[in-house]
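J.: Model the placement of chain B on the given structure of chain A, informed by the hints.
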Amino acid sequence: DQQVKQNSPSLSVQEGRISILNCDYTNSMFDYFLWYKKYPAEGPTFLISISSIKDKNEDGRFTVFLNKSAKHLSLHIVPSQPGDSAVYFCAANAFGSGNTGKLIFGQGTTLQVKP
Amino acid sequence: DSGVTQTPKHLITATGQRVTLRCSPRSGDLSVYWYQQSLDQGLQFLIQYYNGEERAKGNILERFSAQQFPDLHSELNLSSLELGDSALYFCASSVAHNEKLFFGSGTQLSVL
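Residue numbers (the working numbering), protein chains in the order written: chain A, 1 to 115; chain B, 1001 to 1112.
These are calculated hints, taken from the structure and not from any lab test.
Bear in mind that the values here come from a model prediction, so they are computed numbers and not experimental data.
Idealized CB from N, CA, C, for every residue including glycine.
Hints should not be assumed to be uniformly reliable.
Unchecked claim - Quick list of in silico lysine-lysine cross-link-like pairs, DSS-like style, CA-CA up to 27 Å: (1) A/Lys68 with A/Lys54; (2) A/Lys56 with A/Lys37; (3) A/Lys54 with A/Lys37; (4) A/Lys71 with A/Lys56; (5) A/Lys37 with A/Lys68; (6) A/Lys37 with B/Lys1057; (7) B/Lys1009 with A/Lys56; (8) A/Lys54 with A/Lys5; (9) A/Lys56 with A/Lys68; (10) A/Lys54 with A/Lys71; (11) A/Lys5 with A/Lys114; (12) B/Lys1009 with A/Lys37; (13) A/Lys114 with A/Lys54; (14) A/Lys5 with A/Lys68; (15) A/Lys114 with A/Lys71; (16) B/Lys1100 with A/Lys68; (17) B/Lys1009 with B/Lys1100; (18) A/Lys56 with B/Lys1100; (19) B/Lys1100 with A/Lys37; (20) A/Lys54 with B/Lys1100; (21) B/Lys1057 with B/Lys1009; (22) B/Lys1057 with B/Lys1100; (23) A/Lys114 with A/Lys68; (24) A/Lys5 with B/Lys1057; (25) B/Lys1009 with A/Lys54; (26) A/Lys37 with A/Lys114; (27) A/Lys37 with A/Lys5; (28) A/Lys71 with B/Lys1009.
To be verified - Covered stretches of chain A (in silico footprint by chain B; criterion: 3 or more residues with CB under 8 Å from a CB of chain B, positions within the stretch not fixed): (29) 38 to 47; (30) 104 to 110.
Extracted from the complex, chain A is given alone in its bound form (with noise of 0.2 Å):
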């Protein structure tokens, strides 16, 4: 059951252009959302999360999208820059139904930048 699904494996954007990932959940009682960005032989790393309670989050050229009615969140890169291409993985958690902390992961989306 794949609670978090990012249906695009991978992403071709040009240098300065818009990336826009997409990621869908299906549990009702997540409540917080997060996207996380890999690098080959690293782990995955923070890179700007969202409650349940807001439906827009920005940090920097980054901006997180929610969208509760339809189980549908979004990353968005602008510009983006050849050193954002990794691997980006979307994770969810239900925080506010006594969950433990652990979070539930997407495949993830490869996001190549070219320049």
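T.: The following block gives chain B in isolation, referenced to the frame of chain A:
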């Protein structure tokens, strides 16, 4: 550097063998999580420990076990290894039941 240390970085072994993966969490973090990343798959949650006690269990095989020691480091034991156990194993830690996890760089296990 996340502050989470995993050893070894690479491990090559044969089917039927047993291995131990080690994780030292960030200083002050009480929760340790183990994840498995197989080819073309996302990060699959295996197990979580909090201050020495098992807190949550995911899709962990009976051949796998883990523990967290009094100094808060954790070990993941994989036994009767099969080819399909080849994967990248990540350890993560957090302060408590915190939403943000910090990951180590992983142990790449190859079962031949």
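J.: Is the Cα-Cα distance between B/Lys1100 and A/Lys68 27 Å or less?
T.: holds, 21 Å
J.: Would the pair A/Lys37 and B/Lys1057 pass a check requiring their Cα atoms to be no farther apart than 27 Å?
T.: holds, 25 Å
J.: Do the alpha carbons of A/Lys71 and B/Lys1009 lie within 27 Å of each other, as the hint requires?
T.: Cα-Cα ~37 Å, so violated.
J.: Does A/Lys54 lie within 27 Å of A/Lys68 when you go C-alpha to C-alpha?
T.: holds, 9 Å
J.: Between the alpha carbons of B/Lys1009 and B/Lys1100, is the straight-line distance 27 Å or under?
T.: Roughly 23 Å between the alpha carbons, so the hint for B/Lys1009 and B/Lys1100 holds.
J.: Can you confirm whether the C-alpha distance between A/Lys56 and A/Lys37 stays at or below 27 Å?
T.: holds, 19 Å
J.: Regarding the pair A/Lys5 and A/Lys68, is the alpha-carbon distance no greater than 27 Å?
T.: Holds - the C-alpha atoms of A/Lys68 and A/Lys5 are around 15 Å apart, at most 27 Å.
J.: Would you check the hint for A/Lys114 and A/Lys68, treating anything up to 27 Å between C-alpha atoms as holding?
T.: Not satisfied, since the Cα-Cα distance of roughly 32 Å exceeds 27 Å.
J.: Could you grab the alpha-carbon distance between B/Lys1009 and A/Lys54 and see if it respects the 27 Å cut-off?
T.: Not OK: B/Lys1009 and A/Lys54 at ~39 Å, beyond 27 Å, violated.
J.: Is the hinted pair B/Lys1009 and A/Lys37 satisfied, with a Cα-Cα distance of at most 27 Å?
T.: The given pair, whose Cα atoms are some 20 Å apart, holds under the 27 Å limit.
J.: Measure nothing beyond the straight line between the CA atoms of A/Lys54 and A/Lys5; if it is 27 Å or shorter, mark the hint as holding.
T.: Given pair A/Lys54, A/Lys5 holds - Cα atoms ~21 Å apart, limit 27 Å.
J.: Starting from A/Lys54, check that the Cα of A/Lys37 is at most 27 Å away, please.
T.: The given pair, whose Cα atoms are some 22 Å apart, holds under the 27 Å limit.
Checked against the numbered hints listed earlier, the structure breaks hints 7, 13, 15, 23, 25 and 28; every other hint is satisfied.
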